[in-house]
Amino acid sequence: MTERIKKLTELTLSGQMYAEPTQTVFDQADLLLPKQQMESKRICEYILNQEPKLTEYSCLTGFFNFDGSVVGDAFRRGGHKATQEAINRFYLKPVDNLSTMEWQHATADYAKILNKGISGIIGDIDESFKIHDDAEQVEFLLALKRVANALIAWAHKCSERALKLSSTVENAEHKSNLKKLSEALLRVPENAPGNFYEAVLCIYLCFSADPDSVGTLDRYLYPFYKKDMEKGTLTKNQAAEYLQELFLMLQAATKVTSAYFTRGGESHFCIGGYLPNGEDGFTELSRLIVESMLELPTYIPQVTLRWTKKTPREVFRFMLDRERKDPHKRIAFQNDEKRIKCYTEICHIPFEKAVGYTTVGCNEPAFLGAIIGSNSKINFLRSIETVFHKKAGLIENAQTYDAFFDVFKKELFDDLMLAYQYDDFYNKQRAQDVNYISSLVFNDCIENAKSLTQGGGNTVVASPMCLGITNVIDSLCVVKQFVFDEGLFTMKELISALHANWHGYEDMRTLILKKGKFFGNDDDTSNYVAQRLYAEMYDFLKDKTNLYGYHWLIGDLLGYNVHHKWFGEHTKATPDGRYSGNMLKFGLGQSEGRDREGLSALLNSIAKVDPNGIGCGSTVTNITLDEQLVKNDDNFEKTVDLFLTYFQNGGVHFQLTYVSKDDLVAAKCTPDEYKHLRVRVTGFSDYFVKLNQAIQDDIIARTEQT
Amino acid sequence: MFTAAIFDIQRNSYADGPGIRTTVFFKGCNLRCAWCHNPESQSPEPQLMFYKNKCTGCGKCKEKCPYALESCTLCGKCTLYCPHDAREICGKEYTVDQLLREVLKDKTFYETSGGGVTFSGGECMLQIDFLEEILKVCKENGIHTAVDTAGHVPYEYFERILPYTDLFLYDVKCYDRDKHRQYTGVGNQLIFENLKRLLAAGKSVWVRIPIIPTVNDTAEEIQKIKELLDLYGTPEKIELLPYHAMGEDKYMAINREACIFSVPSAQTMENLNQIL
Numbered sequence: 001m002t003e004r005i006k007k008l009t010e011l012t013l014s015g016q017m018y019a020e021p022t023q024t025v026f027d028q029a030d031l032l033l034p035k036q037q038m039e040s041k042r043i044c045e046y047i048l049n050q051e052p053k054l055t056e057y058s059c060l061t062g063f064f065n066f067d068g069s070v071v072g073d074a075f076r077r078g079g080h081k082a083t084q085e086a087i088n089r090f091y092l093k094p095v096d097n098l099s100t101m102e103w104q105h106a107t108a109d110y111a112k113i114l115n116k117g118i119s120g121i122i123g124d125i126d127e128s129f130k131i132h133d134d135a136e137q138v139e140f141l142l143a144l145k146r147v148a149n150a151l152i153a154w155a156h157k158c159s160e161r162a163l164k165l166s167s168t169v170e171n172a173e174h175k176s177n178l179k180k181l182s183e184a185l186l187r188v189p190e191n192a193p194g195n196f197y198e199a200v201l202c203i204y205l206c207f208s209a210d211p212d213s214v215g216t217l218d219r220y221l222y223p224f225y226k227k228d229m230e231k232g233t234l235t236k237n238q239a240a241e242y243l244q245e246l247f248l249m250l251q252a253a254t255k256v257t258s259a260y261f262t263r264g265g266e267s268h269f270c271i272g273g274y275l276p277n278g279e280d281g282f283t284e285l286s287r288l289i290v291e292s293m294l295e296l297p298t299y300i301p302q303v304t305l306r307w308t309k310k311t312p313r314e315v316f317r318f319m320l321d322r323e324r325k326d327p328h329k330r331i332a333f334q335n336d337e338k339r340i341k342c343y344t345e346i347c348h349i350p351f352e353k354a355v356g357y358t359t360v361g362c363n364e365p366a367f368l369g370a371i372i373g374s375n376s377k378i379n380f381l382r383s384i385e386t387v388f389h390k391k392a393g394l395i396e397n398a399q400t401y402d403a404f405f406d407v408f409k410k411e412l413f414d415d416l417m418l419a420y421q422y423d424d425f426y427n428k429q430r431a432q433d434v435n436y437i438s439s440l441v442f443n444d445c446i447e448n449a450k451s452l453t454q455g456g457g458n459t460v461v462a463s464p465m466c467l468g469i470t471n472v473i474d475s476l477c478v479v480k481q482f483v484f485d486e487g488l489f490t491m492k493e494l495i496s497a498l499h500a501n502w503h504g505y506e507d508m509r510t511l512i513l514k515k516g517k518f519f520g521n522d523d524d525t526s527n528y529v530a531q532r533l534y535a536e537m538y539d540f541l542k543d544k545t546n547l548y549g550y551h552w553l554i555g556d557l558l559g560y561n562v563h564h565k566w567f568g569e570h571t572k573a574t575p576d577g578r579y580s581g582n583m584l585k586f587g588l589g590q591s592e593g594r595d596r597e598g599l600s601a602l603l604n605s606i607a608k609v610d611p612n613g614i615g616c617g618s619t620v621t622n623i624t625l626d627e628q629l630v631k632n633d634d635n636f637e638k639t640v641d642l643f644l645t646y647f648q649n650g651g652v653h654f655q656l657t658y659v660s661k662d663d664l665v666a667a668k669c670t671p672d673e674y675k676h677l678r679v680r681v682t683g684f685s686d687y688f689v690k691l692n693q694a695i696q697d698d699i700i701a702r703t704e705q706t
Numbered sequence: 001m002f003t004a005a006i007f008d009i010q011r012n013s014y015a016d017g018p019g020i021r022t023t024v025f026f027k028g029c030n031l032r033c034a035w036c037h038n039p040e041s042q043s044p045e046p047q048l049m050f051y052k053n054k055c056t057g058c059g060k061c062k063e064k065c066p067y068a069l070e071s072c073t074l075c076g077k078c079t080l081y082c083p084h085d086a087r088e089i090c091g092k093e094y095t096v097d098q099l100l101r102e103v104l105k106d107k108t109f110y111e112t113s114g115g116g117v118t119f120s121g122g123e124c125m126l127q128i129d130f131l132e133e134i135l136k137v138c139k140e141n142g143i144h145t146a147v148d149t150a151g152h153v154p155y156e157y158f159e160r161i162l163p164y165t166d167l168f169l170y171d172v173k174c175y176d177r178d179k180h181r182q183y184t185g186v187g188n189q190l191i192f193e194n195l196k197r198l199l200a201a202g203k204s205v206w207v208r209i210p211i212i213p214t215v216n217d218t219a220e221e222i223q224k225i226k227e228l229l230d231l232y233g234t235p236e237k238i239e240l241l242p243y244h245a246m247g248e249d250k251y252m253a254i255n256r257e258a259c260i261f262s263v264p265s266a267q268t269m270e271n272l273n274q275i276l
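Same order as they appear, the protein sequences are chains A and B.
First residue of the first sequence? That's 1 in this note's numbering, and the numbers climb one at a time after it.
First residue of the second sequence? That's 1 in this note's numbering, and the numbers climb one at a time after it.
Derived by calculation from the structure, the hints in this document are not laboratory data.
The model shown is predicted, which means the values in this text are computed figures rather than measured ones.
Cβ atoms here follow ideal geometry from the backbone N, Cα and C, with glycine treated the same way.
Please note that the accuracy of each hint is not assured.
Computed footprint of chain B on chain A; a stretch qualifies when at least three of its residues, placed anywhere within it, have a C-beta under 8 Å from a C-beta of chain B [to be verified]:
1. 513-526
2. 598-606
3. 638-646
Under the rule of at most 30 Å between Cα atoms (straight-line distance), these lysine-lysine pairs were calculated in the DSBU-like manner [stated by the list, open to error]:
4. A:LYS514 / B:LYS105
5. B:LYS250 / A:LYS631
6. A:LYS668 / B:LYS54
7. B:LYS107 / A:LYS631
8. B:LYS139 / A:LYS608
9. A:LYS410 / A:LYS390
10. A:LYS226 / A:LYS309
11. A:LYS608 / B:LYS107
With these hints in hand, go ahead and build the complete structure from the sequences.
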């Protein structure tokens, strides 16, 4: 790492690189203007009133934060009044113990920005005027154009400040860097960048328009990298430095005092994966991105390898090797085969576009230039609760598993439809805000003359997160095995046990926990039950869309919040041996030692569960491994093959944590001694001792695979 | 129809041959190694294991047992209802088809990693009719096969499985004949003779030597084994496996006293490995 980057790293980790907003005073007479005119005018004034974050060591600048005084970006939602109202009513507040509103992630279309510059985007706006004559749409386009011009002016202001700073700097290299920066900002992002450095500078500045994910970074930067390397105008070391400065900005975009400063999910991007021509996209630049990123002792961003059947084993091994050596747990793995199948076949997205997906936030799928269409959390286990506690009369005389399953299925689908109505409702609330600056950098908002959260974008999937899927599968397994296959107890007895919250039925519960054929053991019963559940969900959902026409998929991740705990607290006892009030499981996996057959069995169960890919929404599989499986080099090679096979078999995702259960329990009891223990949580990584108790308990309950 | 007594099937095993493997542990052994870490593998019969350290004395086992624990038919009811996993039945009969089904579950993992199935024990060669059959069907299904043996069986047994076995994991315990008899209950002449013939037959063999302090942890002992192996024809691999005391709880569970050795130091293992 160069001295310059070391210095910037110090400043970043001490919070000194945070772009503190400058308060802006607006003319009150603005209020008399039409809404879109007033709001966009104020955004422009706000942007141009900011001061760029510049130091003697800077080669890049131009990122700024919004402070809530104007309608800011569509990720942080500062100044989004309708969204704020919806957040106050529904965020972290479960409705009907079924649904709760969640945040939305997105990634700007950096390829478009690099391809045409903001002047080209203004050209697109001018073209759009020609096909839209609705007054509100015209006002929206005018507002976008105003904001686009403000971004160009902002770049010019940054240029001026860089030049001014250069005159005060003595170090010749630093002075030269600042002059180069000043000159470049007069060209970009107004125009398309002419080289790798300018391309990185464009991303750096335009990240302000949606400070979330940099998307498919290795893909859109590669033409610039290749051209400059071939011309001999760029060295690998220089490219690494620019990338590192970009990554440091992604870290610095979050305030050091925020809990999110150490959470990787705040900025998540992808490398590798299928290209539109059907080839694997992992390049020399992808490798450089990973190497340069992991050299930094930061927490943000995190990166996912998109694996394809054409990915060389060496690349997969390289990523797992870096993963095992990264104390900050910034690497995860995604299977393109399954995801692309889902996006093309279920969502009807053309292959050329489907390959442009990236993972954002914890592990939500978004396409470059698009948002994740829905993100609410659903209590998937409520349907089981309803069947056993409110409608037990419908099942107590069921003669076959199929007869029971039909009753359950109706409840499940009724719940899903209700939850999806809630999801549409949250989206309608959000749609009352207009996202001026973000809509500039997202696909089709300009062409449709429609704001991002009003459905302006295309190529979007809708993936609410269904918590408790494993609880549901296990509950169904218990019914099938004990009531119908083995007849060890009757349905009436099971219903009575659940109504009594297992009191007086401890033997039955012990038997279930010991002999239950639970998900993750790769046995016929649990595989059949799980696969049938997913197949039914596929049949039910495959042609359904949300209010904007985005196809519904199933997700299962948690996010930062303890929805699994709230939902669990209000959900009565269920057949999987769960007591009333116990939290739900999230992610597709197993815990509490219920996966008794070892890791290959667990991975087989997961890989086989959903051949159609309806579960390719926001999905995670967290695996806790004995460190010996990766520390010893012989073992490590086998572990590489293990996860490679898992992907070949159809697994969608995995991320790893290496720690013993004893360590986790000790860390919970004596947090001061385990301050540095870092773990994979849901789709992000964080310090274990900083997590709330419900999430700590969930991680402790995961089965440690040996 | 052949059946075999199996006491464990371990999937995703990294330790018993190349690649990712499924290791099948046969019940019954004709050696009585003092350091054995699977004492429940020695008897060919199913047996009840009782872990006193897990028992809270709740009495559930007695309540569920048809004979109030006065006698045992190995029905397993006590194990089903013990809330603390203090009781378990060790040993289950498998047909060749049943076992093959288990082995095939991880076939894709074997294919990617160059792994396969390892038949271990106990002494799997003691159930030679079954072993021959399961090896044959594994090969028919394209699975790499390994047999982990202590080698104290007639050589005809080896001859029967040679066509279907890709690799032998061959345990050599001790060069010293008296010590071998003292610590394993049998002499080592047949074991060495079989090893010699196996190597002469050109089979892939990995020799595995458990290192037991005070028994065979000297340079002289390992040197002599090495010299003998050089005479026989070099095996593909020689592995030294350090003794561990993880079987102690199992001795208690089958009501036997464990013979405890010390664990060899890393330095000892390094020194002995140098000889190889």
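Structure-based check of all given hints:
{"no.": "1", "hint": "513-526", "result": "holds (count 3)"}
{"no.": "2", "hint": "598-606", "result": "holds (count 5)"}
{"no.": "3", "hint": "638-646", "result": "holds (count 5)"}
{"no.": "4", "hint": "A:LYS514 / B:LYS105", "result": "holds (22 Å)"}
{"no.": "5", "hint": "B:LYS250 / A:LYS631", "result": "holds (29 Å)"}
{"no.": "6", "hint": "A:LYS668 / B:LYS54", "result": "holds (24 Å)"}
{"no.": "7", "hint": "B:LYS107 / A:LYS631", "result": "holds (25 Å)"}
{"no.": "8", "hint": "B:LYS139 / A:LYS608", "result": "holds (25 Å)"}
{"no.": "9", "hint": "A:LYS410 / A:LYS390", "result": "holds (14 Å)"}
{"no.": "10", "hint": "A:LYS226 / A:LYS309", "result": "holds (24 Å)"}
{"no.": "11", "hint": "A:LYS608 / B:LYS107", "result": "holds (14 Å)"}
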